[in-house]
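Trainee: Please arrange chain B on chain A, whose structure you already have, making use of the hints.
Read top to bottom, the protein sequences are chains A and B.
My numbering numbers the first residue of the first sequence as 1 and each following residue consecutively.
My numbering numbers the first residue of the second sequence as 1 and each following residue consecutively.
Hints may be right or wrong, so weigh each one.
To be verified - Here are the simulated distance ranges between beta carbons: (1) E309/A to E216/B: 44 to 54 Å; (2) S314/A to K338/B: 56 to 66 Å; (3) D73/A to F31/B: 40 to 50 Å; (4) R381/B to T270/A: 34 to 44 Å; (5) S184/A to H86/B: 28 to 38 Å; (6) D416/B to Q208/A: 54 to 64 Å; (7) T270/A to R112/B: 33 to 43 Å; (8) E293/A to I215/B: 51 to 61 Å.
As the list claims (entries may be wrong) - One-sided excerpt, in silico: chain B residues whose CB lies under 7 Å from chain A: (9) S73; (10) E99; (11) Y121; (12) I133; (13) P160; (14) Y461; (15) I509; (16) M515; (17) A522.
No wet-lab data here; the hints were simulated from the structure.
Using N, Cα and C, we set each Cβ at its ideal position, and we do this for glycine too.
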Amino acid sequence: MDGGRFFGAFRAFSGITDAVVLSHSPVGCNWGTGIFNNFSNQPDIRHACTVVHEREIVFGGEEALKKALALADEIYDRSLLVVISGDVPSIIGDDVQAVIDSVSSDEDVLWLEAAGYSGSMRDGYEDALLKLGSLMKERGVVERSVNLIGFCPDDFKVHADIKEITRIMEDLGVKLNCTLSICSFEELRAAPAAELNVVLGQGTKLAQYMKKEFGVPYIEADYPYGLEGSIKFVDALCEKLDIKHDAENSLDLEPFKRAFLHLHEIYGTTVSIIGDFHCTPMANFLEGELGFEIEVQSYFDRDYHSFEEDVRKSCTMMLFGSSFERGLAKELGIPIMRFVYPIFDQICICDYAPYAGFRGAAFLTESIINAVMGFDHKLKNIV
Amino acid sequence: MCISGDGKDDISGGDGVFDGIYYNLMLDRTFLGIYDSISRSAHYHGINCKLSGSVYVVSEIDGAVPLIHGPRSCAFHQRLSPRKLHSPVYNMACTNLEEGDIIYGGEAKLRRSICEVYNRYQPSLIVVLPTCISGLMGEDVLSVAKDVEQTLPCNVVYVPSEGFAHRDRDSIDSIMQYVATSWKKTSKEFDFRGCGQVDALKAIAEQLMEEQDVIENSVNLESTGRYTYGFNLEIQEYRRILAKMGTSINAVIPTSTVEWIKRAPAAQLNVVRSRTPRWADHMRDEFGIDQIKKWPHHSGIDGIGSFFLDLGSRLGLDGEAEEAIDGEKKRVSEELAKIRQILSAYDFAITSQNLVFNPYRAKVYLEDLRVPLKYICIDSRVLNRLKVSQATRNMMIKNMNSMFEELDSNFQVLMDPSAEELHNVAKKVDYVLGEFITSPVYEKADEIPILDVTPLSDLLYRTSFGIIVELGRRLVRMTNSPGRNKRHLIVSRFDYDSPYYPMLKDSRITSSISMWHGIWRANSMRGGS
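Same shape as in the complex, but just chain B:
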């Protein structure tokens, strides 16, 4: 709360480059977050179809229409992609396979449907997505797609997206190993099979992109999706900093038009963020385009700076990058000066119930914002319930602690603290910073002075100096707000299933989560294993 005109929290300043960030984030949080929570919580007791990942990629490409090769029931619910529940894929076509097609084959129907889709929508690209049914029927979808493409003034791409070929039970463990090793900069690529998004990006790179004359000093960025939280802010900041370095963005993949994706090979460098960037590997092999990856250690002011320096170096722009980043760091430092001074008067603890706490986040609090951090409380019980192997959990904790040791600070780490331990921590600090919207839980207990930093802490993985500045500003404003723990929130009146927060303590939910994990462990095996 700000009392208008009292000037108490006037910490805005500088040249206005970082202004408006919170407003933009709150737009995303308010109008997208309301949908995201449904999809996020549904992942506790299920996962979405491989097909939906592919549909999502197609929906990011302006001028592309997905054509589901399967029964209408697949197309019915695939319109609502889990990553954009706020905006269904309205222009989606389906071959509508029925019993007769199962018996006699659906290839003729597919040919006809591709032509109908073109006549109906006049798209630049039709992406044919087979389902479980067409997969089982053994349809040669690729041949049909490529054959019909010859007759149409648009591209036709085929993506293997059969639902039964989704990721398997070991994928969570592999992802966690990947995460833990990436903290130590030792991560290797792993085969993230069965992800519809990975396969769709690869298919598009293979079947759509064309050899181009190289545009010097231009880069392609891999996007998380135009409606993902903080996407626009990150892109704006990329554009601003890259321009200062004398570089430009060629294409944002796949959040772009069909034409721009075709022209993607004109870039000199790909900036990748997915765990398995097969699309970029293909571009490297086929078009000779180098790639640079965004890692967890590219967090915080120094981390982001080193990322841009690496990027500049790959393009032979070391001097330009150094000058641009020095300027950015100076600007950030000026913005943070007063913030650091105010925050240094308090003691803080962090409590995180997120699936993975990136230890580099601690670096942001300690080195960038310079908050006196006394405790980091990490709840890892979700990993236990997800049946992440003991070896992987040990590796995660070991690597996390090793990262913490490198930080010049005396904070204490509490793994899976009990409620009593958390209360004791709260008594020893002025504020507890709550991640993952845990604040309503703690507001129930007056003695825990929780500050909800979720809207910004969730975004510390983004390549953005501005978000760090805004986090500092918000912390100052929140420490100035009186009476945050005197409320009686409706949401605080509920009982929660703690490891699966924000799921309620309800036997229907608990049983369905247990059932899911049990079946997932038992049944999701690759063919023949």
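Just chain A, with the same shape it has in the complex:
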């Protein structure tokens, strides 16, 4: 259950908020990436397609790309145009760079070969960030500032999570320089001004590149779910930036106290979980802080059918994953908590209800308890 290289590239590039993403592909690739992209940000439509069709299969797609580039130049008010070349142009051998060179000498047109069959979503994301890195410019270092790397604009709760992580950093006196990739083109270019790159799950290639090119050091940290996950994040940051801070002081247990009886009751709940790099830190929170028993834990790049079979054989009472796991949850008659891409049956429009960070821990706990209490399928014979 992996979107492949094309999806990863699209998700990274579409995070540049004033960029336009042009898929050099048939219509379906553009539709698929776009439909998952817009559920929780419906006006943010900045993607287009060269409409590779039968004619392009016969004569090549370079002319179609050329027309699309010219039209995009005319229509869009944008800072950056990114071309993602998909499966078909890769096989028919379109010379994308030559076409771009023939219509534009600007550096604000970028392209990436991203045939879906040639790698994973993670690969596509990493390589797309690396391409974006090539646009960065050397800057004077802003002390106590960091870049957060690893986000996608269509991650669930992404804006709320970034806001909470930023709040946590500001409490430490650390400023957010740039979030990759949810930033403007100008913010992207100014990314080397950061004192430190913090890689949350993915984006290591870019961090390595920035270290080599601009001397920006980096740390890799887990996505900060839960109180413990948040403390670890803070500790890692403080250690690297030489900040004296006791993260335990940031803990606010009041929200948890308000539901202490429920917290006792959900202790020992048997759950299963699947996801991308968000999966391990989420599982750590569920097991390490709520006291859940993890029955099955898996990842999208592993055999999905085995995951389903293992869950069926287990004593899972609640499932954690994406919207694609809803079918399994329904089949088993158990609730599902969605936390990882793609999520297309829930929206998140509030930037003050995160899942990450200290406040996110409380909101996540509240959501989990509500999901359990609001689910009455198994109780239908008792009422």
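Mentor: For chain B alone, kept in the frame of chain A given last:
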């Protein structure tokens, strides 16, 4: 709003046959509509893959599993078919073609995958769907599918569904010509190439259906999909009326089981609704099954009646059909008597921003509900932006006006009225009936007394007397509701891109729509043209 117990809008009555319709429609509207809007609006700046139409058809067949012959990225997003965003296709398999397969060929992988799919799901049918990649590789998918089928206790069907072979830039114009001519009952079939749904239905008819003993007076119905708006209501009404005529439904295609689809050739008649019913043409040629088509003029009480009379006639059941339809019309007439009386006290206008306003809808308002209709305001600007040719637009307007002239009424037609013209219209009537959920826009302006009829007017194409009755009931209830224009809806606070309502006025959206139309016109040409 109904004040409980005041009896003010008590217009229910009769024998209860038409009760519960609105409840069922609101179930669809509430729980499916919330997803549909995403897919519908995405069509302003793109179209879905040909493959998704094929996946959709397979997902309608109980006991069938789609097998995507391509990279995993295709299967990843094709699970979410645009016509059922509320319910992904969970059981979907993929051959997961990788770079090595592109070089050395994927047929062995396909053979292995078909067997694995059988072992994993034990389906009655596996539908193999090639992608752009397997299409470019020149794989002989049909031969592999048929070869492996011999070794398995299930059917294997192949559907040509390569994404690059989707419909072309002229298809919108062709569809609009088809629509306009169908109003005049002169429509001819056109070659709607590249539609995954059309090709999947045809493949299933060709490769799955088997010769059967004919079941007298039975029909197959072509379905729009079990989760499409109003589907269950329409099927219930079909069943009820066909039973009265002494006929029965043999299979609903493709919303059925594999076994029932195999048995489809037992029917005497196919009722088709797609523009290009290649599946039914095949059944006619191969099994000698006659077909009857549902046309736009089969709208309204008389239109629906004539459709069932035609259907009965094809089966040699003229007398039975006449008796059944007379009974239906009598029942509807009794239900509508009080409704007509109440509605006759007001003057109405209709404003439609739908892509196509079927002129036969006006007939429902005028002849069935007998509402005093003073104006019909039609917004055709979407057609302009879709680059429908001037000749086709002229034909549409001409045919529409010609239909309007046949109606015995003095309403005025306003094409693409300005906001000022619409305000003037509103001042001259008691109510403006708003289609396509335009109400929030007009609620912003207090002086336009808009009544949102979208949930029912969208369904007037369905073969259902009940929906007409329910539309009348809703209109009565809405005219009884005070203060509809005194609200301050959040959704009314936005600025909209009028021709593409409900898209917001936002440069990102506007540019992406323009970009799409520009590229679509420039690039989506058939091979070699």
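Trainee: Each hint should be assessed against the structure and marked as holding or not.
Mentor: Hint check results:
| no. | hint | verdict |
| --- | --- | --- |
| 1 | E309/A to E216/B: 44 to 54 Å | holds (47 Å) |
| 2 | S314/A to K338/B: 56 to 66 Å | holds (60 Å) |
| 3 | D73/A to F31/B: 40 to 50 Å | holds (43 Å) |
| 4 | R381/B to T270/A: 34 to 44 Å | violated (57 Å) |
| 5 | S184/A to H86/B: 28 to 38 Å | holds (35 Å) |
| 6 | D416/B to Q208/A: 54 to 64 Å | holds (58 Å) |
| 7 | T270/A to R112/B: 33 to 43 Å | holds (35 Å) |
| 8 | E293/A to I215/B: 51 to 61 Å | holds (56 Å) |
| 9 | S73 | holds (3 Å) |
| 10 | E99 | holds (6 Å) |
| 11 | Y121 | violated (10 Å) |
| 12 | I133 | holds (5 Å) |
| 13 | P160 | violated (12 Å) |
| 14 | Y461 | violated (26 Å) |
| 15 | I509 | holds (5 Å) |
| 16 | M515 | holds (4 Å) |
| 17 | A522 | holds (5 Å) |
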